[in-house]
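There are 2 protein chains.
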Amino acid sequence: MKIALAQLNIHVGNFEQNKAKIIAAIGQAEAQGAEIVLFSELSVCGYPSRDFLEFDHYIQLCESSVLEIAAHTKNIAAVVGAPARNPVKEGKDLYNAAYFLYDGKIQQVIHKTLLPTYDVFDEYRYFEPNKEFKTVQFKEQKIAVTVCEDIWNVGNDNPLYTVCPLDELRSEQPDFILNLSASPFSYKQHEERTKVIQANCQRYGIPMVYVNQVGAQTELVFDGGSIVADAQGNVVKRLSFFEEALEIIDTKDLVKANDVVPSEIERIHDALVLGIKDYFAKLGFSKAVLGLSGGVDSALVLYLAVQALGKGNVLSVLLPSHFSSSHSVEDSLALVKNLGSPHEVIEIEDCFQQYLTTLKPQFKDLPFGIAEENIQARVRGTLLMAMSNKFGYILLNTTNKSEAAVGYGTLYGDMCGGLAVLGDVYKTQIYDLCKFINRNTEIIPEHILTKAPSAELRPNQKDSDSLPDYDILDKVLFQYIEQRKGPVELVAMGFDEALVKRVLRMVNMNEWKRFQAAPILRVSPKAFGMGRRMPIEGRYLG
Amino acid sequence: MKIALAQLNIHVGNFEQNKAKIIAAIGQAEAQGAEIVLFSELSVCGYPSRDFLEFDHYIQLCESSVLEIAAHTKNIAAVVGAPARNPVKEGKDLYNAAYFLYDGKIQQVIHKTLLPTYDVFDEYRYFEPNKEFKTVQFKEQKIAVTVCEDIWNVGNDNPLYTVCPLDELRSEQPDFILNLSASPFSYKQHEERTKVIQANCQRYGIPMVYVNQVGAQTELVFDGGSIVADAQGNVVKRLSFFEEALEIIDTKDLVKANDVVPSEIERIHDALVLGIKDYFAKLGFSKAVLGLSGGVDSALVLYLAVQALGKGNVLSVLLPSHFSSSHSVEDSLALVKNLGSPHEVIEIEDCFQQYLTTLKPQFKDLPFGIAEENIQARVRGTLLMAMSNKFGYILLNTTNKSEAAVGYGTLYGDMCGGLAVLGDVYKTQIYDLCKFINRNTEIIPEHILTKAPSAELRPNQKDSDSLPDYDILDKVLFQYIEQRKGPVELVAMGFDEALVKRVLRMVNMNEWKRFQAAPILRVSPKAFGMGRRMPIEGRYLG
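As given, the protein sequences belong to chains A and B, one line each in that order. Throughout the first sequence, residue numbering follows the numbering used here, covering 1 to 542 in sequence. Throughout the second sequence, residue numbering follows the numbering used here, covering 1 to 542 in sequence.
No copy labels: a pair is met if it fits in one copy or bridges any two.
No farther apart than 25 Å at their CA atoms in a straight line, the calculated lysine-lysine pairs in the DSS-like style are these:
{"id": "1", "residue 1": "Lys364", "residue 2": "Lys390"}
{"id": "2", "residue 1": "Lys513", "residue 2": "Lys390"}
{"id": "3", "residue 1": "Lys526", "residue 2": "Lys513"}
{"id": "4", "residue 1": "Lys188", "residue 2": "Lys277"}
{"id": "5", "residue 1": "Lys277", "residue 2": "Lys311"}
{"id": "6", "residue 1": "Lys252", "residue 2": "Lys237"}
{"id": "7", "residue 1": "Lys89", "residue 2": "Lys131"}
{"id": "8", "residue 1": "Lys337", "residue 2": "Lys287"}
Don't read these hints as lab results, they were simulated from the structure. Model, not experiment: these values are computed from the prediction.
Start from the sequences, fold in the hints, and give me the full structure.
Structure (structure tokens):
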């Protein structure tokens, strides 16, 4: 059977655009001879729709969209994702459903069984789990239609769940599996996903066609990379990552492909670029501004933003103070020259001094301290936001994950911005990304990569004055944040006890600051934000 | 049977303090002749512990605390709440459990069946639902031990759930019900709670002892008000709201009480005061600073903060500009005089002008606009944060719910602050609170309550220049936010179609701004924050 994979960049709540894209893809698939065209999970409304799902009007728009789409399936079947109402009084009001459309009508509705409710996922907040299992019959074929997580409990080996949907369908002897997914990017996710698809094909001895959503929804970057695997689990087709695609396969003619996948660092790079691009596009903006400090974080954000938005659309503002080293300006100028992007220089000294004058009656002759350091950062934040407000730029935040973790940043200062591009990228990973970018030519000036990191808010300040070396800090943070290892486990792994205590305390004491941070592009399995929910006033290790 | 209700202010993750409080209450209850002492839900670790629950070390601290507490139950039984590990591989790793302790040991562990996963609640993120039902036998009595939500599906009439835990226990003919709760305040919650308790007592013909957590955990204010109801559902005892209490009843001697409850407005007032008080206490701070504008919102925050922290601990900073009306300073001075609290005056004009000078090369002669308005708000934010950083104050945010809803506020300006005291209180409710506060004496100067609201960021500015009148705005917002009515329903209710479209668009377009807002004390059934999760880039009605 000829099946088209329609990997589309869906926009949450943008029904007109999603519908138009889906209908256009049905037309293309039909013109190319496909018998079925498969879309991603909740493709009609976008994933994650979050609490929009609690509005009856939103569900009505989903329903009317499905009917409009169905009208375009006279000669080709389409499988789209949309919520379905639960007709029974008991349980949640909705199902997360796949609609099998054909002959202009809804032929069958398949409900999702396994509802991820962890990390960034809140599906049990909205959806009732399915308990009835039936294949779809179409043109002499029996099709096992599954929704995303439904294939992630192969033979009940996933401790999270007690049902294996495909085991339930096994007695019907389905001919192949279709899966509608909205599986967000994280740097290891693609390997996990491929393994799970292969394990399913091997267990049931049938092929699978898996379509993933592509495009970013604020923090979550959906990487596409839709897959077809044969009955032995060989990958026979993989759609491109991070862009829309429509391709056709024939389940009767599957040939093992030479499956080449971009490297991990390249995928992180591409995820960040797409994250920026879609944040702007979906909010209807085209221009970014950022503060270029001469450090590695803002250099990397500038480079990524130029890739996402075009060099003419990213304004760098250099905001030197009298604590700034001479190279902070020189390195920044060299970078914008390499990229060909515009810049402004705005000195912060006069504004900073004016604050000190204004505050003199209160501050009197108290020594220079954190308050004065923060004023400088907030002057920068205010100047950048002024540029944003005056000229319609979105301010990009340049905080990295190591800083965000330990609270090494000024709230309302360098923590300003609409989107935190690097908030899920540790400092050590930032250097790796820069080396990747410089692999052929020196785009990011070498001196930016070799000098010691500094906030330059007091004379000769270095990050290492306040923080452990990033090499060791990032290792502790990774174990605590991504791996959820506690203090006893960390010490058992060989980390110094005092260091562990100090780092964990810094992380826990700064929940209040991260609470007000910009949304962070998620590239790891555990990013700050929706996927990590911590009490602000909790006193565990704090 | 003599049962003590121990309504304690538990601090999330503060095991040492929670344990000490619980052990002290056991001692007091025993000294007063109680046979059982009942605590609130997850009383050992605090509710909500959120993702702390994902740390094995955190669970170990819960377990060792339970054992330490058990050692104090030689002559009295204690029922405490703590997570319990799920020994089965399938399903979530934990149960939300009640531990029945006696004779120095854990006698029985009862698991929670109904796991709220909506609004601010994420229980299915962590816990496996219970499927086994058994009463506790103690001194010839059969006790039905339930955890919070377990009593909220009386006879299966709650559409969210399919199991009624007490129906499952009915055949054992329990003598009375114990319930451990962590039920956060919202202005109608106490009525709902009382009704549910009564309905349970009446359905099963037995008394119930219900202990609620008291105290605030950042956004969530637990109001206490623990209840004992007799077999007919009469309230025989109600512990005080918003403070710790320990009282004893005898299940064999229950007499209907004269149940007088504070008014709704008084409860909102008390919830806000406790919310401030506990935020400071649990973070280890004692002093607050806020910007006093002469408007009603900051006046109310000042009053509430003085109630919570004491008049000597709340510094008002008046931050006039040349757009400020003369009465903005006069009214503020009258208020601090009434309250006897300290104040400073810091003029923002010089800082504001310095920004305009610094930005002249970029802004050139472009007309005064939003950018310049926002600079003023951000100068105020920076000055207030400077005071906070220099002297160890926490900045209180004064944004109200109406403004937060429509995005009428400056991010990093008047949206600064560690805690948004009024972010869940509509503008119209703010006037009601002020009238309540002024019911005997004029504390908040009358002129603050009668003048037209204004941000005073440009000449003669009024809120009504940009927003519908608050009377009508708040009604639309309430229907959209609390009642989740969509545009069609709102028009059908009689609201003007253009107004509805405009207001809903404003709400949806400002998710990006609220994402970075301070945590908001929740007093309604639907507050901005954890309980309302909206896509930032979603285009539904936006």
